[in-house]
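Model the full assembly from the supplied sequences, consistent with the hints where possible.
There are 2 protein chains.
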Amino acid sequence: MQWVKVLGGVVGAAALVGLGIILGHFAIPKGADVPTPSVSQDLDLETLETVMQQLDANKIRENLRELSREPHLASSPRDEALVQLLLQRWQDPESGLDSAEAPTYEVLLSFPSQEQPNLVTVVGPTGGVLFSCRQSEENLTGEQAGPDVIPPYAAYAPPGTPQGLLVYANRGTEEDFLSLYTQGIALEGTIALTRYGGAGRGAKAVNAAKYGVAGVLVYTDPADINDGQSSANETFPNSWGLPPSGVERGSYFEYFGDPLTPYLPANPSSFRLDPDDAPGFPPIPTQPIGFDDAKILLCNLQGTVAPDAWQGALGCDYKLGPGFRSDGDFPADSQVNVSVHNRLELRNSSNVLGIIRGAVEPDRYVLYGNHRDSWVHGAVDPSSGTAVILELSRVLGTLVKKGESSPRRGLAGLTSGPHPQEFFSKLQERTVAYINVDISVFANATLRAQGTPPVQSVIFAAAKQIPAPNPVGLSIYDNWIRHSNRSSAAYGLVPSLGTLGAGSDYAPFIHFLGISSMDIAYTYDQSKTSARIYPTYHTAFDTFGYVDKFVDPGFSSHQAVARTAGSVLLRLSDSLFLPLNVSDYGETLRSFLQAAQQNFEGLLEQHGISLGPLVTAVEKFEGAAAALDQHISALQKGSPDPLQVRMLNDQLMLLERTFLNPRAFPEERYYSHVLWAPRTGSVATFPGLANACSRAMDTGLGSAAWAEVQRQLSILVVALEGAAATLRPVADL
Amino acid sequence: MQWVKVLGGVVGAAALVGLGIILGHFAIPKGADVPTPSVSQDLDLETLETVMQQLDANKIRENLRELSREPHLASSPRDEALVQLLLQRWQDPESGLDSAEAPTYEVLLSFPSQEQPNLVTVVGPTGGVLFSCRQSEENLTGEQAGPDVIPPYAAYAPPGTPQGLLVYANRGTEEDFLSLYTQGIALEGTIALTRYGGAGRGAKAVNAAKYGVAGVLVYTDPADINDGQSSANETFPNSWGLPPSGVERGSYFEYFGDPLTPYLPANPSSFRLDPDDAPGFPPIPTQPIGFDDAKILLCNLQGTVAPDAWQGALGCDYKLGPGFRSDGDFPADSQVNVSVHNRLELRNSSNVLGIIRGAVEPDRYVLYGNHRDSWVHGAVDPSSGTAVILELSRVLGTLVKKGESSPRRGLAGLTSGPHPQEFFSKLQERTVAYINVDISVFANATLRAQGTPPVQSVIFAAAKQIPAPNPVGLSIYDNWIRHSNRSSAAYGLVPSLGTLGAGSDYAPFIHFLGISSMDIAYTYDQSKTSARIYPTYHTAFDTFGYVDKFVDPGFSSHQAVARTAGSVLLRLSDSLFLPLNVSDYGETLRSFLQAAQQNFEGLLEQHGISLGPLVTAVEKFEGAAAALDQHISALQKGSPDPLQVRMLNDQLMLLERTFLNPRAFPEERYYSHVLWAPRTGSVATFPGLANACSRAMDTGLGSAAWAEVQRQLSILVVALEGAAATLRPVADL
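Protein chains in written order, with UniProt numbering: chain A, 1 to 733; chain B, 1 to 733.
Among the hints, a few may not be true.
Claimed, not checked - Examples of chain A residues toward chain B, derived with CB under 7 Å:
(1) V39
(2) D42
(3) L260
(4) P268
(5) F271
(6) I355
(7) A412
(8) F423
(9) E429
(10) A489
(11) Y491
(12) L654
(13) T658
(14) G722
To be verified - Rough simulated footprint, nothing fancy, chain A against chain B, three-plus residues with beta-carbon under 8 Å:
(15) 357-364
(16) 607-616
(17) 633-647
(18) 720-727
Hints are computed from structural coordinates only; laboratory data are not their basis. Built from N, CA and C at the ideal position, the CB exists for glycine as well.
Below, the structure written as structure tokens:
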């Protein structure tokens with residue numbers, strides 16, 4: 001889903017990663033004082049059930065109330081206060097956690113100027129200001145005013161005061177600007193009004209600048225967020241809809257991680273790029289506005305009527321411009337001025353890391369994380385996730401404290417901030433999986449999970465055993481499959497597991513470190529709404545009251561997510577055999593292969609490139625995975641010794657690493673996983689191959705672009721052959 | 001030592017790596033039929049002693065006789081016959097090996113033309129040929145003729161027929177050419193005569209081409225190889241000296257690995273660079289010649305007398321040229337013509353891989369390797385190593401076959417060819433160490449070992465328990481320390497362990513995969529000879545008779561190397577706790593740090609760059625390593641469970657990996673280890689930092705070169721912090 005790429009979550013991508021507590025094996029020995037679990041102890045279902053029962057919706061609600069009481073923008077005093085709050089909870093000897101710490105980093109953040117607020121105006125032919133967009137959201141609930149509510153801005157957009165005729169550019173994609181250009185619309189020096197969606201935030205400005213556009217405005221169309229509803233009485237606080245003055249903030253930086261320290265930890269002493277030379281910032285001033293203001297601008301445009309797909313729900317025909325129509329609110333040659341006074345600052349920001357040590361395999365970690373910082377109060381994003389992490393750590397810690405459980409593998413939780421890259425080699429060697437719960441509840445209809453194929457089975461296993469909050473009588477799994485499903489060659493109809501973009505804190509874990517990762521949340525019924533995301537996302541209306549009244553009254557969906565993520569966590573930490581089903585990668589590889597064959601094989605053959613080696617590699621993978629499955633089944637029936645189990649688990653854990661190639665995509669910062677890198681086309685297939693094909697398409701035989709296709713194919717084949725080799729019997733070398 | 005960089009070993013760097021047999025834990029249970037060793041069984045000293053006793057000098061001699069019977073240039077019929085010979089030995093059910101295979105690759109090799117032999121001539125003013133250098137070596141022992149003796153050539157040097165005045169350029173380093181240039185010697189269009197040593201083979205042509213030199217000749221000066229002796233009766237077959245017609249062949253390709261498939265396996269289907277665009281080949285025609293021919297050219301030069309350091313042992317004053325003196329053998333304006341007709345060919349080449357499975361930890365491998373191909377007969381290089389591998393595999397395999405031993409960890413041996421990169425992820429995850437025995441005996445005076453610090457202790461332990469062949473009564477260790485020693489802060493006087501360049505098959509293991517590696521050989525007494533290397537290196541005189549009569553009569557040094565490498569192999573495969581001493585890295589880091597402080601600190605401070613974070617990182621490493629040592633000692637006193645041992649061994653095994661950063665040296669193909677990359681300066685310190693400092697030295701404050709210094713420092717600090725983190729208690733995350 002496109003918004004996932006846009007999500008960003010963390011302020012200014014400051015947080016390269018963020019986790020919250022380290023957790024382990026909760027094998028039971030009840031009542032005993034600090035039991036030492038046996039090396040062959042498996043997941044204890046009673047402990048699991050105890051955890052499920054103890055996860056308390058009301059406690060999550062109270063956590064959320066506290067976490068979202070004040071705005072807590074990254075590096076703000078309130079954000080620092082939350083660092084202390086989390087630290088205190090986890091360092092409390094009663095917490096049951098073994099340790100907690102909060103290392104501090106120095107990251108490049110972007111803020112609007114307090115002295116010179118950003119401003120969007122319509123300027124008449126004589127220079128007079130005819131209209132000004134709001135500079136802050138309307139104070140509807142008493143929470144939208146005050147010094148801590150940061151005015152809407154496009155973080156990392158450069159300062160500047162461009163002024164020009166307005167054009168409407170739909171979602172600001174490459175195709176959108178090309179379409180305006182081919183229609184003969186003069187774009188040079190214009191201000192482009194775009195709506196959220198379709199392209200990443202920063203991409204709109206990148207695309208616009210290529211056509212000489214001088215400034216970009218971004219708004220959220222009621223068609224995309226409110227199912228068309230736009231009046232005050234139809235929206236928050238009267239419904240969950242986005243109010244007319246609501247503005248989505250966000251990071252407009254192209255990559256994830258700190259902008260100045262790519263591939264390095266953002267330590268104070270680390271080498272930093274010169275901000276003037278650092279890549280990834282929007283090239284031109286950009287400012288987000290609310291749809292009430294966007295309506296005044298858009299409904300006054302002159303020119304050709306935009307195509308149907310470009311129309312929205314502002315109640316007028318969207319025209320393309322440039323400039324205003326003579327019979328509207330402004331003189332025809334009025335211009336739009338975009339005054340942006342953002343500035344970059346190096347600020348301190350901390351991770352909070354809580355740890356429960358593993359009792360049997362302390363060098364194996366299950367990581368669970370989220371960011372902590374919000375754009376305003378951030379009740380949904382991210383505090384709904386933080387509220388869950390706190391409740392999970394309370395329940396698990398209490399069991400450990402009471403001696404009712406001691407984790408087999410170590411558990412680590414983390415909230416926000418840039419994770420220390422100095423630990424990356426160790427995390428990469430030892431981490432079993434990364435669980436991300438950022439926004440835990442978008443809406444209360446169904447579970448939504450994303451992840452790499454090996455985590456599908458453990459999420460399914462958890463979801464099958466937890467009751468859905470609604471409708472009564474269904475498991476989370478049964479409810480999920482009704483909302484979103486696919487047909488699997490191996491299993492028949494199953495819930496649809498989404499893929500991971502870079503929209504939250506899992507990004508470095510999967511893309512840079514090759515750790516099997518997942519994101520777990522509750523979300524809405526897509527048959528009932530076409531909202532891009534929950535309506536108050538990144539606005540001043542994302543408050544506790546909003547969650548309590550509209551998103552998840554009763555907090556049963558929060559509880560459902562806590563249970564699902566908690567069950568997955570326990571299964572990963574305590575199961576004797578890691579519940580990572582590597583054969584499920586075979587299904588993905590096969591479907592990617594079929595898509596590649598259908599879409600590219602003919603073209604490739606014309607250029608003398610055969611998919612044969614790729615077919616062979618996929619077959620080898622499937623064969624090795626099937627044999628390994630049989631081997632696991634046989635071992636499970638016997639009484640395997642601890643080393644046998646460990647060796648097998650290492651195969652399962654390390655499979656994902658074999659897909660990494662740091663030289664595959666040199667242009668895509670941090671992306672090293674050859675199966676999940678950004679893909680430009682719409683075909684769900686191997687990204688490197690697909691991107692290279694699409695670039696080579698219009699070039700001649702023997703071009704450098706076709707050589708790159710062959711290189712990408714070889715990289716892929718080597719990765720799959722390596723993956724298959726990792727799954728084969730270890731003694732065979 | 002410089003020659004190590006020049007060594008190359010493998011024809012045309014075709015072999016990215018090469019191993020020979022996979023070996024494991026030989027814990028004994030005597031007489032039992034195929035015993036299953038206990039998970040906590042340790043190295044069995046009786047088994048070790050049995051292996052030491054059974055390694056037979058005479059069998060090594062017989063192996064060498066067979067292996068070096070014919071020339072076996074890579075991909076030649078005889079090289080393929082040796083593939084079959086090795087396969088048959090290792091696939092024989094009586095061998096005791098579990099399996100053997102010979103995967104085939106397609107590598108770019110370089111050969112001289114048979115139809116148009118390369119030729120170096122002196123051409124008079126009227127175009128007549130006044131003198132021709134030999135096109136082959138003199139047939140002194142009946143072995144230097146025949147179709148399989150490849151004429152001397154510079155592999156990968158491009159074809160061409162440059163002709164010009166001759167200049168003498170010493171060793172062809174950057175400084176050498178700069179010195180000629182600053183003396184006003186016109187280099188444009190000349191032929192540069194250079195001697196081996198001082199710079200890599202290919203580097204001479206690279207340096208020359210920058211000054212417009214049109215062709216390069218390379219010869220071996222008797223001063224550098226024969227301690228000055230040069231007459232026929234002073235040299236082979238009358239001594240071990242290089243005969244006047246002897247010519248060192250070799251690869252002039254700049255990198256290691258197949259030139260067309262960087263970072264990919266050289267599979268037939270792999271993406272290949274266009275040879276015309278592939279980097280790393282010498283830019284101008286180059287040809288090696290013997291010193292009898294070099295003497296005629298050099299002793300006839302006119303011009304300034306070369307500096308003392310440029311003089312050699314050809315019996316005349318070396319002058320710089322350009323051109324010949326008028327009172328010599330040629331008219332003053334005679335020119336030298338270098339006709340090179342080399343051509344590139346894609347050829348099939350195989351690895352042979354033999355495996356003894358690990359009985360307790362089959363997913364841990366000790367690799368032992370060497371290349372197989374030679375330049376001519378290659379009795380020393382590489383067959384002296386191959387002869388040892390065959391004897392080791394015979395003894396170990398026989399013990400396994402008899403049920404007197406079964407390896408704890410898997411053992412793999414490999415001979416030559418480009419190793420499958422599709423297995424690299426798995427090898428990287430599972431390999432305990434890589435042992436290289438290429439040239440096993442350079443000479444018979446003393447052991448010579450190179451490696452990364454963790455292997456020092458296991459080599460010392462082995463060397464202390466094996467008698468030196470000579471003098472009687474000393475251990476190999478005691479003899480070694482007499483020949484080459486250093487003062488260690490931790491241990492006092494110890495034998496000097498050398499560092500690993502890229503001169504043999506360990507290169508990809510240490511530099512690309514970060515696997516602790518070593519190279520083991522016997523070598524000469526440096527107080528008695530200043531030879532660059534054994535004199536007949538890469539010539540047609542490197543024959544069985546040469547070894548048998550001059551290098552190691554009686555083969556006791558071969559036996560000593562077999563015992564040392566075999567003991568190291570057994571210790572690595574069978575010890576319960578891996579005998580890798582990670583604290584020994586602390587000593588290296590401390591000495592690198594001190595050198596950096598002494599040489600760069602003042603300069604760095606002038607540019608606002610502090611070594612403080614590096615000092616802290618080294619201290620953290622030392623502290624973590626010392627604590628781990630104590631932890632190991634404590635565990636060894638108790639009865640640790642198998643998982644505890646495994647976790648600790650993983651820390652030891654994976655330490656070396658933490659020093660890898662694939663983004664540290666993007667220009668240095670395959671080099672990712674931040675401590676052992678090529679270093680331009682003479683200070684033994686961190687290579688990335690030193691190289692960056694030397695490049696930045698003459699640039700201004702705030703230059704890009706100084707930013708790179710800071711980046712290299714950060715990369716180093718992150719690596720050392722990561723290494724320290726890997727050594728800290730695993731439960732602490």
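Does A/G722 meet its interface restraint, that is, does its C-beta lie within less than 7 Å of any C-beta in chain B? holds (4 Å)
Given hint A/D42 near chain B, where the shortest CB pair must fall under 7 Å: For A/D42, the interface hint is violated, since the closest Cβ of chain B sits about 15 Å away, which is over 7 Å.
Hey, does the A/Y491 contact hint survive, CB to chain B under 7 Å? Violated, about 28 Å.
Are at least 3 residues of the region 633-647 of chain B within less than 8 Å of chain A when you compare beta carbons? This one holds; 5 residues, not fewer than the three required, reach chain A with a Cβ under 8 Å.
Closest C-beta approach of A/T658 to chain B relative to 7 Å, hint status: holds (4 Å)
Does the interface hint hold: is A/A412 within less than 7 Å of chain B, judged Cβ to Cβ? This interface hint holds because 5 Å falls under the 7 Å limit.
Do three or more residues from the region 357-364 of chain B put their C-beta atoms closer than 8 Å to C-beta atoms of chain A? holds (count 6)
Should the hint that A/A489 touches chain B count as held when the rule is a Cβ pair under 7 Å? Status violated, d = 26 Å.
Quick check on the hint: A/P268 CB to chain B CB, less than 7 Å? Not OK, violated: A/P268 not within 7 Å of chain B, min 9 Å.
Does the nearest C-beta of chain B fall within a distance shorter than 7 Å of the C-beta of A/E429? holds (5 Å)
Taking the closest Cβ pair, is A/F423 under 7 Å from chain B? holds (5 Å)
Satisfaction of the A/F271 interface hint, Cβ to chain B closer than 7 Å: holds (4 Å)
This entry does not satisfy hints 2, 3, 4, 10 and 11, going by the numbered hints stated previously.
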